[in-house]
Amino acid sequence: MALQPVERRSVPEDVFEQILADVISGELSPGESLPSERRLAEVLGVSRPAVREALKRVAAAGLVEVRQGDSTTVRDYRKTAGLDLLPRLLLRAGELDVSVARSILETRLHNGPKIAELAAQRSGPELAVLLDDAIAELVANDDPIEKQRHALTFWDHVVDGADSIAFRLMYNTLRAAYEPALPALAAVMTAEVGNPDAYREIAAAIVASDPEAASKAAYALLEPATTALISVLKTLEVQR
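Numbering-wise (the working numbering), the sequence shown opens with residue 1 and increments by one.
The hints are simulated quantities; they were obtained by calculation from the structure and are not laboratory data.
Treat the hints with caution; some may be incorrect.
Heads up, simulated SDA-like pairs for lysine to any residue below, C-alpha to C-alpha not over 25 angstroms straight-line [claimed, not checked]: (1) Lys79 / Arg57; (2) Lys114 / Leu83; (3) Lys216 / Glu192; (4) Lys216 / Arg78; (5) Lys234 / Glu179; (6) Lys216 / Thr227; (7) Lys216 / Thr235; (8) Lys79 / Ala61; (9) Lys114 / Ala198; (10) Lys79 / Asp132; (11) Lys56 / Leu89; (12) Lys114 / Asp210; (13) Lys234 / Arg57; (14) Lys56 / Glu37; (15) Lys234 / Thr173; (16) Lys234 / Glu37; (17) Lys56 / Gly45; (18) Lys79 / Gly45; (19) Lys114 / Gly45; (20) Lys114 / Leu185; (21) Lys234 / Ser33; (22) Lys216 / Pro183; (23) Lys79 / Arg102; (24) Lys114 / Leu34; (25) Lys234 / Glu223; (26) Lys56 / Arg88; (27) Lys56 / Pro30.
With these hints in hand, go ahead and build the complete structure from the sequences.
This is the structure we're talking about:
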């Protein structure tokens with residue numbers, strides 16, 4: 001019997017999820033006014049305080065504008081939301097959004113070399129041990145999904161070495177969006193995560209404080225799988 005943890009969510013959380021889903025799906029368009037708190041409470045069968053709390057969360061996410069004594073208006077999330085929305089945009093109603101997936105891959109290829117370059121400029125000697133350990137775990141594990149996880153650990157250390165809070169937060173969001181897709185990506189990512197010498201080359205350049213070599217090595221590792229995945233996504237777009 002395969003038991004799963006029971007997910008417990010509050011009423012405001014459920015209201016938040018419903019409004020968020022309608023905004024990012026386009027069911028609620030930018031500029032459109034939401035029903036009043038009273039009406040939302042009636043339709044959803046919840047209390048007004050629960051609706052009020054949910055609307056505060058939706059507003060904090062940049063999806064609506066709440067004006068005291070006036071209507072709550074839907075905003076264009078493409079102009080007002082933050083990166084934390086990315087994982088929700090990637091999978092909608094159980095389906096992959098191809099354009100969002102492509103943008104994540106493009107960001108991965110663009111950011112990886114720059115992060116490696118910064119790590120080579122800013123990291124200390126302690127990073128060498130962490131990178132070596134991550135590569136050793138990568139080599140020791142034969143499971144294609146776990147190998148991807150160890151590769152992510154490697155990059156996690158590189159991001160720390162880059163000492164950039166903007167890149168760190170961006171990486172956190174991209175990883176959160178990427179991790180649920182690890183099983184589906186296993187076949188395409190085999191060549192990348194099965195190339196420990198490429199990771200060693202990045203690590204060596206970082207430890208040697210050679211930013212240019214670190215950037216080039218990171219690009220050489222990331223580019224083939226990125227190109228292959230984008231090609232797959234283009235095929236999916238045509239089929240749809």
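Problem set entry | Given hint Leu34 paired with Lys114 - CA-CA distance at most 25 angstroms | 42 angstroms, violated
For this session: Take the C-alpha atoms of Lys114 and Gly45, compute the straight-line distance between them, and say whether it is at most 25 angstroms.
Result: 50 angstroms, violated
Problem set entry | 25 angstroms Cα cutoff - pair Lys56, Pro30 | 17 angstroms, holds
For this session: For the pair supplied as a hint, Lys234 and Arg57, confirm whether the alpha-carbon distance does not exceed 25 angstroms.
Result: Roughly 35 angstroms separates the two Cα atoms, so the pair is violated.
Exercise. Can the restraint linking Lys114 and Leu83 be considered satisfied, given a maximum Cα separation of 25 angstroms?
Worked result: Since the Cα atoms of Lys114 and Leu83 sit roughly 19 angstroms apart, the hinted pair holds (cutoff 25 angstroms).
Exercise. Taken at face value, is the distance from the CA of Glu192 to the CA of Lys216 at most 25 angstroms?
Worked result: This hinted pair holds, its Cα atoms lying about 15 angstroms apart.
For this session: Measure nothing beyond the straight line between the CA atoms of Lys234 and Ser33; if it is 25 angstroms or shorter, mark the hint as holding.
Result: 36 angstroms, violated
Exercise. Can the restraint linking Lys79 and Asp132 be considered satisfied, given a maximum Cα separation of 25 angstroms?
Worked result: Distance ~41 angstroms between Lys79 and Asp132 Cα, so the pair is violated.
Exercise. Does Lys234 pair with Glu223 here, judged by a C-alpha cut-off of 25 angstroms?
Worked result: At roughly 16 angstroms apart (the allowed maximum being 25 angstroms), Glu223 and Lys234 satisfy the hint.
Exercise. Taken at face value, is the distance from the CA of Gly45 to the CA of Lys79 at most 25 angstroms?
Worked result: The hint is violated at about 32 angstroms.
Problem set entry | Restraint check for Lys114 with Ala198, where alpha carbons must lie at most 25 angstroms apart | Given pair Lys114, Ala198 holds - Cα atoms ~16 angstroms apart, limit 25 angstroms.
Problem set entry | Restraint check for Lys79 with Ala61, where alpha carbons must lie at most 25 angstroms apart | With a Cα-Cα distance of about 12 angstroms, the restraint between Lys79 and Ala61 holds, given a limit of 25 angstroms.
In terms of the numbered hints stated before, the structure departs from hints 4, 7, 10, 13, 16, 18, 19, 21, 22 and 24, listed from lowest to highest.
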